[in-house]
Amino acid sequence: MTTSAVRLTAVRNWRGFRTTWARWSAIVVLLTVGLGVVVGLLASATSTLQGIERGAREGRLADGMVITEVPLTPAQLADAQAVGARIEPTPYVDVPGRSGDQDTTVRAFRADQKVSRPTLDVGALPGRTDEVMVEKKHAAAHDLRVGDTVMVGGRQLRISGIGSLPDYTLASPRLGQTSDPATFALMVVDPRTYEQLAASHPRDEVYAYGYVLTGASQDRLRQHLQQIPLDPDRARDPYVTRAIEAARQGGVPLSYPAMSLFLPSGDNPRITGAISDARTTMVVTLVTTVLVTLLVAYVLAEFSRDRILRDAVVIGTQSALGTGEAALLRYYLILPLVVTVVGAGMGTILGRLMAPSLGLVTGYYSFPAISVEPTPLIVVATIAVPALAVALVNILVIHRALDRPTQELLRRQVSAGPSLPLRLDRLPFVTMFRLRQALRTLGSYLLIAAGLFLCSLLMVFGLGMRSSMDAYLARAEADLTFHDYYTLRFPDLTKVPAGAHPAVAVPMQVLDRDGRAGKSLTVLGIAPGDPYFPIDVSRLGPHELVLSKAAAQKYRLDVGDTLALSDGSTLNWAFRVVGVADYDAIAFGFTTPARAEELLDPAIPVAARRMSAPDGGVVVPYYNALLSDQPLDLDPDRVLSHATREEMLGGWSSSMRCSRASCRWSPGRRC
Numbered sequence: 001m002t003t004s005a006v007r008l009t010a011v012r013n014w015r016g017f018r019t020t021w022a023r024w025s026a027i028v029v030l031l032t033v034g035l036g037v038v039v040g041l042l043a044s045a046t047s048t049l050q051g052i053e054r055g056a057r058e059g060r061l062a063d064g065m066v067i068t069e070v071p072l073t074p075a076q077l078a079d080a081q082a083v084g085a086r087i088e089p090t091p092y093v094d095v096p097g098r099s100g101d102q103d104t105t106v107r108a109f110r111a112d113q114k115v116s117r118p119t120l121d122v123g124a125l126p127g128r129t130d131e132v133m134v135e136k137k138h139a140a141a142h143d144l145r146v147g148d149t150v151m152v153g154g155r156q157l158r159i160s161g162i163g164s165l166p167d168y169t170l171a172s173p174r175l176g177q178t179s180d181p182a183t184f185a186l187m188v189v190d191p192r193t194y195e196q197l198a199a200s201h202p203r204d205e206v207y208a209y210g211y212v213l214t215g216a217s218q219d220r221l222r223q224h225l226q227q228i229p230l231d232p233d234r235a236r237d238p239y240v241t242r243a244i245e246a247a248r249q250g251g252v253p254l255s256y257p258a259m260s261l262f263l264p265s266g267d268n269p270r271i272t273g274a275i276s277d278a279r280t281t282m283v284v285t286l287v288t289t290v291l292v293t294l295l296v297a298y299v300l301a302e303f304s305r306d307r308i309l310r311d312a313v314v315i316g317t318q319s320a321l322g323t324g325e326a327a328l329l330r331y332y333l334i335l336p337l338v339v340t341v342v343g344a345g346m347g348t349i350l351g352r353l354m355a356p357s358l359g360l361v362t363g364y365y366s367f368p369a370i371s372v373e374p375t376p377l378i379v380v381a382t383i384a385v386p387a388l389a390v391a392l393v394n395i396l397v398i399h400r401a402l403d404r405p406t407q408e409l410l411r412r413q414v415s416a417g418p419s420l421p422l423r424l425d426r427l428p429f430v431t432m433f434r435l436r437q438a439l440r441t442l443g444s445y446l447l448i449a450a451g452l453f454l455c456s457l458l459m460v461f462g463l464g465m466r467s468s469m470d471a472y473l474a475r476a477e478a479d480l481t482f483h484d485y486y487t488l489r490f491p492d493l494t495k496v497p498a499g500a501h502p503a504v505a506v507p508m509q510v511l512d513r514d515g516r517a518g519k520s521l522t523v524l525g526i527a528p529g530d531p532y533f534p535i536d537v538s539r540l541g542p543h544e545l546v547l548s549k550a551a552a553q554k555y556r557l558d559v560g561d562t563l564a565l566s567d568g569s570t571l572n573w574a575f576r577v578v579g580v581a582d583y584d585a586i587a588f589g590f591t592t593p594a595r596a597e598e599l600l601d602p603a604i605p606v607a608a609r610r611m612s613a614p615d616g617g618v619v620v621p622y623y624n625a626l627l628s629d630q631p632l633d634l635d636p637d638r639v640l641s642h643a644t645r646e647e648m649l650g651g652w653s654s655s656m657r658c659s660r661a662s663c664r665w666s667p668g669r670r671c
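Residue numbers (UniProt numbering): 1 to 671.
If you are wondering where the hints come from, they were derived from the structure by calculation, not from laboratory data.
Just so we're clear, the structure is a prediction, and the values are computed from it rather than from any experiment.
Hints are not guaranteed to be accurate.
Claimed, not checked - Quick list of in silico lysine-lysine cross-link-like pairs, DSBU-like style, CA-CA up to 35 Å:
1. K554 <-> K519
2. K519 <-> K114
3. K519 <-> K549
4. K519 <-> K495
To be verified - Cβ-Cβ distance ranges computed for the label pairs, FRET-style:
5. L396 <-> V284: 50 to 58 Å
6. R57 <-> R576: 27 to 35 Å
7. Q227 <-> V385: 48 to 56 Å
8. R475 <-> L632: 50 to 58 Å
9. V283 <-> F429: 50 to 58 Å
10. E195 <-> A498: 40 to 48 Å
11. D558 <-> M469: 49 to 57 Å
Using N, Cα and C, we set each Cβ at its ideal position, and we do this for glycine too.
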C-alpha cells in the first residue's frame with residue numbers, strides 16, 4: 001500500500017472508531033480487566049514455582065527424608081553409600097518457645113546440616129550460641145525483624161536472619177496438618193545451641209536424615225533401610241527390649257526396623273502442596289484466558305461483519321474500481337487488532353500491578369523471596385495470543401462476508417436470516433415480526449448467549465468447587481464421630497481404657513496392575529456394634545473387605561472388584577470388595593479384628609500378649625488402635641501416633657494429604 005492509502009485507511013478507521021467508540025471501549029475494558037487478573041494470577045503462580053525451585057537449588061534439597069528410632073551408625077551410613085545413596089543427618093528437636101507475648105512450639109535445626117539447608121531473605125545464619133534464624137511466616141505473624149529476640153527452650157536468642165527451609169514450604173508440625181505460623185515456628189540455631197537444646201529435651205529430639213541418591217533407586221534404598229534392625233540396647237523406648245524378649249520367649253522372632261519413616265521429596269506434602277496449588281492456579285487461569293479470548297474474538301468478528309454489511313455499497317464500489325480483497329481485508333482487520341493489542345497491553349500493565357496482591361499461593365507457603373511479576377513469556381503470550389485469535393476469527397468472518405459478487409455488494413440488502421420449516425405468515429403479526437427480527441440479527445443473540453454461557457461456566461466452576469468442598473467437609477464432619485484416634489505400638493492388653501473402643505489398624509499399600517506399591521489404605525478391624533463405624537463385618541470371609549466410600553472413590557473400586565494389598569515388605573494379599581459403606585471421612589477397608597490381625601507379623605501380637613500377661617493369664621483380644629470421645633491417659637511410650645478430629649478436619653480443609661505408602665509403620669508422633 002502507498003503512503004496515501006495507508007493514511008486514508010487510518011483516517012477511515014479513526015472515523016469508524018469515533019462513530020462506535022462505546023462498543024470498542026467496552027472491548028478494551030473487558031480485555032484490560034480480564035487479562036489483568038489472568039496476568040496477576042499467572043505471575044503469582046510462576047513466582048511460587050520459581051521460589052520453590054530456587055530454595056531447592058540453593059538449599060540443596062535432599063531427594064527424600066528418613067526418620068529412625070536411633071541414630072544410624074557410621075557403618076550403616078557407609079553401607080547406604082555402597083548401595084548408592086548419601087545420607088546426611090538433619091536432626092531437629094521440638095522445644096517450647098515464646099515470640100512476643102505468645103507461647104509457641106519451636107522446631108530447632110542445626111545451622112551446619114549439609115542438605116536441605118535454610119535459605120535467607122535477610123540477615124545471616126546464626127554463628128554464635130545466642131543467635132537464631134527464624135522462618136519467614138512465623139516472623140511475619142509476630143512482626144519479628146533482625147535484631148529482635150525470641151525465647152527458645154528457655155533461652156533468649158537474638159534473630160540474626162529470616163528465611164525459609166526447602167523441605168518445609170508448608171511450615172506444618174506434622175505431615176497432613178495445616179500450617180499455623182503464629183504458634184509453630186521453624187528456627188535454625190548454632191550447633192552448640194542445638195546440642196544444649198537436645199540434651200535438655202532428649203525425648204523430643206528426632207533422628208532425621210536427608211538422602212541424596214547417587215545410583216540407587218528410591219525402592220532400593222527403602223528396602224535396604226528396612227533391613228536395618230532396631231538395636232534394643234540403643235532404643236529410647238523401654239518397651240522395645242521388653243517386646244523383643246517377650247516374642248523370643250513365645251517362640252517367634254521379632255525385629256523392629258530402625259527406620260520409622262521413609263519419605264521421598266516428591267511425596268512430601270510439605271513440598272508438593274505448594275507446587276500442586278501453583279500448577280492448579282495456572283491451569284484454571286489458562287482455561288479462563290482461552291474462554292475470554294474466544295469471547296472477545298467472536299465479539300470483534302461480529303463487529304467487523306456488521307461494519308461490512310453497513311459498508312456493502314462502498315465495498316462494492318471499491319471492488320468495481322479494482323480494489324483487491326486483500327486490501328479490504330487489511331482495512332477491516334486493523335481496528336480489531338489495534339483494540340485487542342491496546343486492551344491486552346493495558347491488561348498486562350494492570351496484571352503486573354495487581355500480581356503482588358494476588359497472593360493466593362504466595363501468601364500461604366514459605367519459600368525464598370522472589371519478585372512477583374510476569375515473566376517475558378507471559379507478557380508476550382498475553383498480547384500475542386489474543387491478537388492471533390482475533391486475527392484468525394476476523395479473517396474467516398471478513399473473508400466470508402467479502403466473498404460475494406460485486407453486483408450483490410452494490411445493492412443494499414437486509415439479511416432475512418436462516419429459513420425455518422414453518423409458515424411465518426400464519427402466525428400473529430407481532431409474533432411474526434419478532435421472529436423475523438430475531439432471525440435477521442441471529443448472530444447478536446448467539447453472541448449474548450455465548451457470553452452468558454461463559455460467564456455462567458466460570459461462576460459455576462468457582463462457586464461449584466467451593467460448594468462441593470463445603471459439602472464434602474460437611475459429610476466428613478458428620479461421619480467423623482470420634483474425637484481422638486490413637487495407634488499403639490505396645491498396647492496394654494490387660495484391659496481396654498475406659499471410654500475407648502479398640503480396633504486393629506494395619507497400614508497397607510495398594511498394588512497397581514504391574515505389582516508396584518502405590519497409595520496407602522488402612523485395613524481397620526472393628527468389632528460388631530462399633531459406635532463410630534456402623535458397618536456389619538460379622539459375616540466377612542478371610543479375603544473380603546468392605547470399603548468406605550472414600551476408599552472406593554479414591555481407587556475407583558466397586559462391589560465385586562479385586563484389590564491387591566502389600567504390607568510394604570514381601571507379603572501381598574488379594575481381597576474381594578463385598579460392600580461399599582457410606583463413609584466419606586477416611587479411606588478405610590473394614591474387616592473384623594481377627595481378620596486384620598492375620599495381616600500383621602505374627603510375632604507382634606504374641607509379644608503384646610506376653611508383655612501384658614507374662615504368666616499366660618487372661619488378656620483382652622489384641623488391639624493396636626483406640627478411638628474415643630475424649631483424650632485418653634496413655635503411656636506416651638506406648639503411643640505411636642495420635643490424631644484429633646480437629647486436626648483431621650483442618651488437614652482436609654487445606655487440601656493436605658499425608659501419604660503413608662512410604663512408612664513401614666504408621667506415621668510417628670513427630671513426622
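Results of checking the hints against the structure:
| no. | hint | verdict |
| --- | --- | --- |
| 1 | K554 <-> K519 | 10 Å, holds |
| 2 | K519 <-> K114 | 31 Å, holds |
| 3 | K519 <-> K549 | 16 Å, holds |
| 4 | K519 <-> K495 | 34 Å, holds |
| 5 | L396 <-> V284: 50 to 58 Å | 29 Å, violated |
| 6 | R57 <-> R576: 27 to 35 Å | 48 Å, violated |
| 7 | Q227 <-> V385: 48 to 56 Å | 55 Å, holds |
| 8 | R475 <-> L632: 50 to 58 Å | 27 Å, violated |
| 9 | V283 <-> F429: 50 to 58 Å | 53 Å, holds |
| 10 | E195 <-> A498: 40 to 48 Å | 42 Å, holds |
| 11 | D558 <-> M469: 49 to 57 Å | 24 Å, violated |
In this structure, the earlier hints numbered 5, 6, 8 and 11 are contradicted, and the remaining ones agree with it.
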